[in-house]
Amino acid sequence: MSQVASNCPQCGAPVVFRWSQAVQTTCTFCSSILVRTDVNLEKVGVVSDYPLDPSPIMIGTEGIFENKAFVAIGRICYEYENGGWNEWHIVFNTGESAWLSDAQLQYAVTRIIPLPPGFAKVILHRGTLVDVNNTFYTVTTITNARYRAVEGELPFQFWDKTDCRFVDLRTPDAGFLTVDFSEKPPLLFAGRTVTFDELKLKNLRQFEGW
Amino acid sequence: MAAERPQPKIRAIDCPNCGGAVQLRGMGTSLSAACPSCLSILDVSDKRVEVLQRFGKKTERFKPKIPLGSRGKFDGQPYEAIGFQRRAIVADGTEYSWDEYVLYNPFRGFRYLSEYAGHWNDILPVTALPAADNSMGHAAVSYERQKYKLFQTSNPKTTFVLGEFPWRVLLNDQVTARDFVNPPYSLASETDENETTWSKAQYISGKDVWAAFQLKDSPPPANGVYSNQPNPHGSTKPLWGLMGAFTILLLLTMIITSIMATGETAFQSRYYFIPGSGEPSFVTPVFDLKGGETNVEVEIKTDMQNDWMYLGLALINEQTGTAYDFGKEVSYYTGSDSDGNWTEGDRADSVSIGGVQGGKYYLRIEPEMEKTLGTGVFNAKRVNYEIKLRRDVAVIWPYFVVWPFLLLPPLWAMIRRYGFESKRWAESDPSGIAESEDEDDD
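Protein chains in written order, with this note's numbering: chain A, 9 to 218; chain B, 23 to 464.
FYI, nobody ran anything at the bench for these hints, they're computed from the structure. Just so you know, these numbers come straight off a predicted model, no measurement behind them. Please note that a few of the clues may not be correct.
Unchecked claim - Distance ranges between label pairs, derived from CB positions:
no.: 1; chain 1: B; residue 1: THR218; chain 2: A; residue 2: ASP188; range: 17 to 27 Å
no.: 2; chain 1: A; residue 1: LYS192; chain 2: B; residue 2: SER92; range: 16 to 26 Å
no.: 3; chain 1: B; residue 1: GLU217; chain 2: A; residue 2: GLN165; range: 48 to 58 Å
no.: 4; chain 1: A; residue 1: SER190; chain 2: B; residue 2: ARG76; range: 31 to 41 Å
no.: 5; chain 1: B; residue 1: LEU192; chain 2: A; residue 2: VAL31; range: 25 to 35 Å
no.: 6; chain 1: B; residue 1: PRO243; chain 2: A; residue 2: LEU137; range: 43 to 53 Å
Claimed, not checked - According to the in silico footprint, chain A covers these stretches of chain B (three or more CB under 8 Å from chain A):
no.: 7; segment: 61–69
no.: 8; segment: 184–190
As the list claims (entries may be wrong) - Here are the simulated DSS-like cross-link-like pairs (lysine-lysine), alpha carbons at most 27 Å apart as the crow flies:
no.: 9; chain 1: B; residue 1: LYS85; chain 2: A; residue 2: LYS210
no.: 10; chain 1: A; residue 1: LYS208; chain 2: B; residue 2: LYS95
no.: 11; chain 1: A; residue 1: LYS208; chain 2: B; residue 2: LYS259
no.: 12; chain 1: B; residue 1: LYS31; chain 2: A; residue 2: LYS169
Backbone N, C-alpha and C fix where the C-beta goes; we use that ideal spot for every residue, glycine too.
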């Protein structure tokens, strides 16, 4: 993993990229949202406030998924009427990146997959059964969320979103699929739900009294 | 100003309704919490706290058996009790209430405990989607290769809350719940207008809960049979296996003793008997019963026709004078009527005695028959018969008498097991009829 160093155009603090393919990061000193343009960093916004989020994961948390070591390098915080959740951007020691979502301490690891042909035409209601690459998923939750904050390195620019519609689909054997309708065409993230213990997480956040 | 991710810690807030102090232990996971002073339900999902529901002064309070804020160990991990709710269903006009506890670990998430009449369940959220499996004619779901049968459909209502919850809890909120059982486990789905959530429960004893939280005193005793309570009579398979093993043992014993039995003939002779022709009793020559203690079988063969004969027998030890007295009646009748030919009885028969010591013996035989009606030598009846005495004869009938008794333990266990199961399923209400009937009455 190459580390690229630069300086924050807002406050001049050093900005280090852990992942060479990162497109966006936040300045750890002034919370400016910084986007990479060729060699320079451009300030596109600022993270005003982080929610009262209970995630035990933080930037730098390490773990293991499918026998590959990963580290959390960024996140997107969403909120909706029944709380919030984090999509942690994780990068494996192989260089690939994925997402570790933490929704009220229920965890799932997903990777972006190509949109199957015809998928965009399917109308998704609760209970709709969808065949994605020969796996049958059932729509369980439809969430109208709002983007709340970003932190760290992301594989794409993400800072000016407002409303984001998500559809979650599940299988009987813990398969998990999220359709993100904030883009057109929608983005598909496929993976499975995981337990805290199987991720063997290290370098976690501290909780007072725990 | 730079945004900073706040360090999670217990959050102390003032109740916007009564000003009382409220402690939030959920480290930001909680969406709602009840004020311990005025019982108002507060929205605590954001930094600004709002009142969601407030109540009159005469609200009945319930005390959680596990004090909120105490920690217990499950699967080796600490969990803190942070929320308590009482829920109720109405079935056949009666309200049934149970308690639920929200347990929290900042890394592993939420876990729940439920208690009804001393029956406890340790509940974890299920992130997979159990599949409907209605084969075999009973509504069921399958999950992790186990099948769970539908036990109850109900509409539980929240009737009292204390502490915090990772969802928006409101009094009198109702969901549709479906419980599927596979003791000691059960799967439950709860559906509201937004989504269906699944959880998996494991039946645990009050003692386990008391030990996990190191609570004082002792847990309340469990009453009745609970939906996913394991059958205390266990599986009957081991007993059937034991029965099978004993059957084989019995069969082997029977075969071996039959092979080992010599069945040798110690004495054999033919006689005839003419009733009314002098003293009927006589003794046989002395014969030898070799070896130790065995059984002795006397076979009697006759040439009777429409007659009976009683043989009084005594096996007498020549040396000690020990006598074994026994007897046998042999009868044989034939004839014909409208149904055709018939016979009754048998010309030949046998009689056994057990525990005869080896030694020199003789038989005293005393035949007895009805005298003939006519007189004179030519009208006199004469029966020819043969006496054959064998020792160490294979006996198999006791095995067939004993064998059915081997069936008793597994059958008894089966009856007890099914008795428990019928009590369990007597409480079942798969379609939610008991509840909906009541709603029709309103």
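Evaluation of the provided hints:
1. As the Cβ distance of THR218/B to ASP188/A is approximately 22 Å, the hint placing it in 17 to 27 Å holds.
2. A beta carbon spacing of about 51 Å between LYS192/A and SER92/B contradicts the range 16 to 26 Å that was offered as a hint.
3. In this structure, GLU217/B and GLN165/A break the distance hint of 48 to 58 Å, their C-beta atoms being roughly 31 Å apart.
4. For SER190/A paired with ARG76/B, a C-beta distance near 38 Å keeps the hint of 31 to 41 Å intact.
5. As the Cβ distance of LEU192/B to VAL31/A is approximately 43 Å, the hint placing it in 25 to 35 Å is violated.
6. Remark: the range hint 43 to 53 Å for PRO243/B to LEU137/A is upheld by a beta-carbon distance near 46 Å.
7. Check result for the segment 61–69 of chain B against chain A: holds, 3 residues qualifying (beta carbon to beta carbon below 8 Å, three or more required).
8. Only residues whose beta carbon comes within less than 8 Å of a beta carbon in chain A count, and the segment 184–190 of chain B has 3; three or more means the coverage holds.
9. A hinted pair counts as satisfied when its Cα atoms are at most 27 Å apart, and LYS85/B with LYS210/A does not qualify at roughly 39 Å.
10. At roughly 20 Å between alpha-carbon atoms, LYS208/A and LYS95/B fall within 27 Å of each other, so this suggested pair holds.
11. Note on LYS208/A and LYS259/B: the hinted pairing is violated, with a Cα-Cα distance of about 40 Å set against a maximum of 27 Å.
12. With a CA separation close to 30 Å, the supplied pair LYS31/B and LYS169/A exceeds the 27 Å bound.
Comparing the model with each numbered hint stated earlier shows that hints 2, 3, 5, 9, 11 and 12 do not hold.
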